[in-house]
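In UniProt numbering, the protein residues as written are 1 to 524.
Hints may contain errors.
[Unchecked claim] Dumping the calculated DSS-like pairs for lysine-lysine here, alpha-carbon to alpha-carbon at most 25 Å: (1) K487 - K515; (2) K403 - K439; (3) K272 - K189; (4) K334 - K375; (5) K189 - K268.
No lab work stands behind these hints: they were computed from the structure.
Just so it is clear, the structure is predicted and the values come from calculations on it, not from any experiment.
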Amino acid sequence: MQWAKQWSKIKVIDTNIKPICEALKQAVQEGDQNSIPISLVDTSADTTIKNLDQLDPSFMYTQILKEILLTIDFEQRHIQEFTTFCREQFADNPTELKRIDQFEHEYRDRTPMWWYTSPFFLYLMLNRALRTLDVTVIMKMGFFLCDLHRQITRLHAEQYGGHIHSSTFTVYRGQGLSQIDFDHLVEGKGGLLSFNNFLSTQKNREISLMFTESAMTNPNYVGVLFVMTIDPSISSTPFANISTISYFQEEEEIIFSMHSVFRIREIKPINKDNRLWQVDLSLTSDTDPELQTLTECLRNETFPTESGWYRLGALLITMGQFDNAYQIYEMLLKQTHDDWEKANIYHQLGRVQDYKGEYAESIRFNEKALEIKQKTLPPDDYNLAVTYNNIGLVYEKMSEYSKALSFGEKALEIKQKILPPNHPALANSYNNIGLVYEKMGEYSKALSFQEKALAIKQKCFPPNHPELAITYNNLSRVYTNMADYSKALLFCERALHIGQSSLPPNHPDLQKYQKDIESLRKKI
């Protein structure tokens, strides 16, 4: 069978028809097998002692995204919006278009698990979106993600509630990992690993091994057999045996909901050429304390008292998903008749347009918010300060510095009257006034205001919070303008280090920090 090695898509060679059929079924069911979204141990930190419990930020953002989606009441129209979206994606595929029609008309007639495990597009689409943090698709599939999670939760309670099956058991998952990801996995031995998607596993070791075959013929991949020890008493992530409700009912399949966290116990070669490895994992409720602190902080910042869609919009702005945030707030604006709600939505739309560089539009939205607030609030109300602050920030970007300074100082005056001296909102004002002075060429004043902002933020936020990265970046830029490139590089590297541990990997700020660092290194 030497010829098979030339073809990376060949998974298994067998002349017996039954194993071939089983392998084909599993291939359809787990078509994206080698690309599941994993949060590996962070090994990039330049520290003497590596934190083996430090999961990457994708874990945090997809977790909060899931939490918010679970609070939203989805309706029939959301299913129709999703199928309309799918028809656009599969416009040239008659087979999938028929399946989309079937899904739209029969969705409630089947269980979410049946749809997920069927040879439709859902499995691939959902897990690819979770892997790449494609928020557009995750939002479109929000109703399905929630239904699937809830079904797994119900099944878990039925099958393992009260720890009826209290003894531990073992499941398997075979797949390929890129050499880079595998190296990170080896370096993280003893640490944590999270699967950020819905994780399919098998009780049958041999079937799982089939999925390592293609990776072993690809020089850039390593075959990995995950051997997972499961203690049913650990309930941090629901999981369930879906043998009787799966589309493929012959298989002993255990599925985990999103964000199952495992401890990496042992990594050892299975064959002599080191192309196939066994990775022993155990399900754990342990979490990274730093990430937990940051996650809790982010929860508090995304308006936990608000309803689902408002919270989702706030999170999307934090993630740099501005177009998606705009769509949500535009939808909310059409649905409300309450002036105060409109003011808050205009405020958020102003933020979004500011981040997108649509400054005239941002001013327009902020002025609408200000008009409503000035009619209903006393002149020293904090909400007025927020809007003054935002308008000043946009005018600074439009190079209208006198207006920017005027609005910035109005905001600061209100905040100093009503807030304690170390409140983060004061840091925000110092930040923004510092930016104006920087643009006016008054670098010593700019530096003073940015240092005030930093002093407050260091007291208010955890050390890996993206707000600190913003101020470090601002300080870097001031020092660049002062031609002190060594200090500028130091602060920019701090900004990048924090950004890498607290922002999604596709966030626009990360590219900006890296570009600035490259530029500064050339100047030193």
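| Within a Cα-Cα threshold of 25 Å, do K189 and K268 meet the stated pairing? | Distance ~11 Å between K189 and K268 Cα, so the pair holds.
| Do the alpha carbons of K403 and K439 lie within 25 Å of each other, as the hint requires? | At roughly 13 Å apart (the allowed maximum being 25 Å), K439 and K403 satisfy the hint.
| query | CA of K272 to CA of K189, is that 25 Å or under? | reply | The given pair, whose Cα atoms are some 21 Å apart, holds under the 25 Å limit.
| query | K487 and K515: Cα distance at most 25 Å? | reply | holds (16 Å)
| request: Verify the proposed pairing of K334 with K375, using a straight-line Cα cut of 25 Å. | output: holds (22 Å)
In summary, the structure agrees with every hint in the numbered list given earlier.
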